[in-house]
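Enquirer: What follows is the residue order along each chain.
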Amino acid sequence: MAQMGLPRHKAEVNTMGNRLFRAGLGGITIVFVGMLLWAMLSLIFMPRWAEVVSSALSEEMLYSIRLSLITSVISVAVVMILAISIGYVLARFQFPGHQLLRTVVDLPMAFPELVLGLCLLLLFGNEPVSGWLKQVGIDIVFSKTGIAVAQIFTAAPYATRVVYAAFRSINPRYELVARSLGCGQWGAFWRVSLPMAKGGLFAGAVIAFARCMGCFGTVLILAGGTRMFTETLPITLYLNISYGNLAMAMTSGILLILISLAAIVIFEILNREVVL
Amino acid sequence: MAQMGLPRHKAEVNTMGNRLFRAGLGGITIVFVGMLLWAMLSLIFMPRWAEVVSSALSEEMLYSIRLSLITSVISVAVVMILAISIGYVLARFQFPGHQLLRTVVDLPMAFPELVLGLCLLLLFGNEPVSGWLKQVGIDIVFSKTGIAVAQIFTAAPYATRVVYAAFRSINPRYELVARSLGCGQWGAFWRVSLPMAKGGLFAGAVIAFARCMGCFGTVLILAGGTRMFTETLPITLYLNISYGNLAMAMTSGILLILISLAAIVIFEILNREVVL
Amino acid sequence: MNALLEIRDLSVDLGEFSLRGASLAVEKGNYCCLIGDSGAGKSILLETVVGSFTPLHGKILLHGQDITDWPPERRKMGIVYQDYMLFPHLNIFDNIAFGIKQQKVPRKQTQIRVQDVAARLGIENLLHRDIKTLSGGEQQRAALARALVAGPQVLLLDEAFSALDVASRERMRGLLRELVNDLGVTVLHVTHDMEDVWALADQVAVLHDGQILQTGTPEHIFSCPRPGFVAHFLGARNILQGRVIDCDPSGLTCIEVGNIRFYSIDHAPSGQQVLISVRPEELALARNQLPSTLRNQLPAEIDRMERRGPLVWITGQAEGFRLQAAVTVTGAREQDFKPGDRAIFAFSASSLRIIEQQKVIHPDLALNASIKSHVISQALIAD
Amino acid sequence: MNALLEIRDLSVDLGEFSLRGASLAVEKGNYCCLIGDSGAGKSILLETVVGSFTPLHGKILLHGQDITDWPPERRKMGIVYQDYMLFPHLNIFDNIAFGIKQQKVPRKQTQIRVQDVAARLGIENLLHRDIKTLSGGEQQRAALARALVAGPQVLLLDEAFSALDVASRERMRGLLRELVNDLGVTVLHVTHDMEDVWALADQVAVLHDGQILQTGTPEHIFSCPRPGFVAHFLGARNILQGRVIDCDPSGLTCIEVGNIRFYSIDHAPSGQQVLISVRPEELALARNQLPSTLRNQLPAEIDRMERRGPLVWITGQAEGFRLQAAVTVTGAREQDFKPGDRAIFAFSASSLRIIEQQKVIHPDLALNASIKSHVISQALIAD
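Chains as they are written, first to last, in the numbering used here: chain A, 1 to 276; chain B, 277 to 552; chain C, 553 to 935; chain D, 936 to 1318.
Careful: at least some of the hints might be erroneous.
On the chain A side, residues computed to face chain C include the following (Cβ under 7 Å) [as the list claims (entries may be wrong)]: (1) Y174; (2) L176; (3) V177; (4) M196.
None of these hints come from the bench; they were simulated from the model.
Backbone N, C-alpha and C fix where the C-beta goes; we use that ideal spot for every residue, glycine too.
Using the sequences and the accompanying hints, generate a full structural model.
Expert: Here is the structure:
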């Protein structure tokens, strides 16, 4: 939000005190941001590219990429259904426990991923849920399905927040107008709210996809980090660092960074206002 | 921000279509949030408490807790200096590259922690930086210092965002008034902006502390996850899951969840408006 | 009751804003303007009528049928907001056709109906444009078309002209007046602009603090405002309390205030306590008694003179009360009045209105608590 | 130049708002009100003077010294905003003492100075209160105290009374007028409230689109506004273009518009093209020529009558141009005018002002483009 009419101090190049003050703040900023940039650029400029290419084409990397993509696409689909439902409920309905619901949905973002993974492991790995799952033949713990489940629980809060913001930014009077013209709640949602929130929904999906692809701690605990079985890109990075295979690790790191950057760029373009 | 004057649809309990619509959205919301809550509560209700207590008092856990606390306190101090400097520069000064600076500072939040860890490993583990560090006798890679460095880079973006929002929410006219009364830029910052942003600064420190305590991927890559050496709480959780020692893992999980919850509660109390 | 729309004792609580037992009836085809200060609950009333809020108490009746619990989609009302609220993802045609499409009317007929109403509003050439390419006035006409094309029983306007410039506003008023007459639609129009009231309203309702304080024709409300908020809000000043001492049905009513007698053409029974009011602009000032038909001529000392734009406001102090006159700058200059001068405050018996017959004395209205009221009401209107 | 504060050709570009070569001089001890429509750049001008923005061009001089590049802390100016801007983490005493503490004055003396100014502003009992416990008027008095206690050379007020209710506003005006006189401080006051101008200003400057269009005393600006924006903004109507055909220095100037002659007491050389203006409220309407001293009596056909509050605006169509008169409701009623009637529009030679002598003809001002201007300027002022 542009804060209209707020003045900003422009150039005043005169008193020693003011100059020192600005130099101090600027210096700290430049040193930290410089190191951060350098660190991020290391990943792009350091590796020998021939190694990166051969790593990228290795059987393990191709497996990992394919598995990451498949699980992420499935997870994003589920996440968006959840995010649209919960986001709309939060944005439009008033009910007791509204604030509690918001907090519970936001909680996983504040927890370390590892802890969320442990929680899911306890839920799905113990009775009664494990018994139910066995009856319907679904295996979540240490399985590929577990990857998707871990990704869904990790990414859903982020997508929900973006979608919620998108619905909230739509004046509910649009829906009231639609309803005064004869639409029911479903009609107003389908013909007005969803198309108006289009940008926010797509942005939420992009964020969800990036979170799914990059999800490490939760996947590691719930699905295990087994080579060539539950091996997604972050797992590949971790396993290969452990084996000392830096080229493979850097390759997956580069892929992950590209996905994150692409997501950020798309998100910024779509949704300047919703960005927090 | 409360959207003043926006109507909300209250109870209308009449047409079938409207009821079905609300039941659908509500159902999806309740199922997902229910599972999430159940998963999180499992960690608290499942363990046998005798085991948790003995785990908590084990040598390894006490070591891990102490190391986590020491590194986090140091990291938070450094993070707050960075966050105040960068947040104030972003909130008050206009310069070319302002948007770029904001984006670079925000980037680490969008990357998987693992990737940030790899970047830091490449920066500090290779020439020229590794040579410089050797000269001054600082060891970052696979060391306790590395834990703090990993935590600082992980937590700084979060704290910076909160502090930036706090400074931005202060009308710059307060500073202009202070300066018209004879303060230099430093005086206006010290006597007006810092005290007015107090709540935001404390909230930023709380967030930073929670992120430092829960930092896993970055610490794992940069400092290694060595038992009784670079073992922080998340590492304890991970190592004990690997060894199959669920009681220890759950104990560290419970500690981590309590820290996160405490941080959220304090943050919400301090800073209702800044929460994004 | 044959009111088309009736609101009975409606209470809605939204915290900051609320309705507290508002009642109003609008007859079929009537144009009712709802005025009041900001925060009075005007928009809430409108949105409760359209079905956005469930009231705590009270009823909304349409054709005598209780629709209080109906969802908005069944009420057949159209609503037009200050900020248009056109759907940004649809072009003008699809915006206007929105309500018809919902009724599953054949495409051909939809075309005809949309084009018809668009032509009447002068936007038939804009139908395939994106809403962002239209001016405010054009957008508001599209919004009006959208609300009317579905054939609403009641049209609700929420400050519908406030965002427009003066020229578009006048054009819109003309178009609306015509359309509303032709379609015979009943209108409830929330506004703070007195020009809307003068140009459009058959009926005015004054809302204050969640309650309807007075309803009537614009002329009636303006000349006989209820004392208290309504009078202040509409700029009535010079409210005095007196007692009727004589009333000749074929002649004038004589009212005594202190030991001064006033004459009014309004009637009230002898002995009755009354509040009387005369508008400052109906007072003339003179050096001496005017040999004229003006029945009320009161000597007073000029207390204060204040120029406000084209008028000079002159406050006079008589025996125990004050009168305020608004005269033109030329008038004041010709007579060369200065504070401290003695002057005759003169006005006709037809200018003096009996605005309330009362048994109980309103202590806050008695005599002259009204010196500052014109400033307050101006501030309210400007807001 | 012995102006205390001088602004020379100041340009500031903030995108949406900007100054484009604004110039203004305020003499020591003068009270200057800066008026203009919203978006004119009033606040920017103030904040550039206090040192918040670096201008692209132009200079700011204080006592003749160029302070354009000085930081705010060296300028010795006090600024008071509409929304008080009291520091929320300090109590009232510490807020007021803020500037003195910066000067490292001994504690005892700080106490005395703060209490002195607080007493003058009637807030001496509030010094140890938290700012949130104060009313708006009290907060604004504290903000004023804070700005004045440090002894500024120039006091800058940005809509300082806009957020107050009418009573506090009047009280503040009185206090300010007194304090400013006693301290001899120079004031630059941005306002949109004409009452501030009438009550306080020695000097008025009209800002429009980043430029100062006119400066002068309130009386001068109000009676001889520059044509174009200033005239519209201040509500001048009836701007006509004519040519001086005769000028007797001891008598009246005769100006021909079309083939009608007007008389004015203002002087201009014969043959000069001039713009003349008469305020609508200075016109009288009559059925027949008035046997009076009114030198200008023009027959015209009544075109349109509009009631606005206490006045009726009557537009008359004469040979080729229009005149607009504002008369009281009583006046219009007595004469029983209706659109279509013929009437005499009469006004004195002293009401007709020559507002510009010109060689070039302003095409947009010629004759009567001003029919709607009063509406526009009312909207501007209300805003």
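Enquirer: Work down the list of hints and note, for each, if the structure agrees.
Expert: Against the structure, the hints come out as follows:
1. Y174: 6 Å, holds
2. L176: Interface hint status for L176 of chain A: holds (5 Å vs cutoff 7 Å).
3. V177: 5 Å, holds
4. M196: 6 Å, holds
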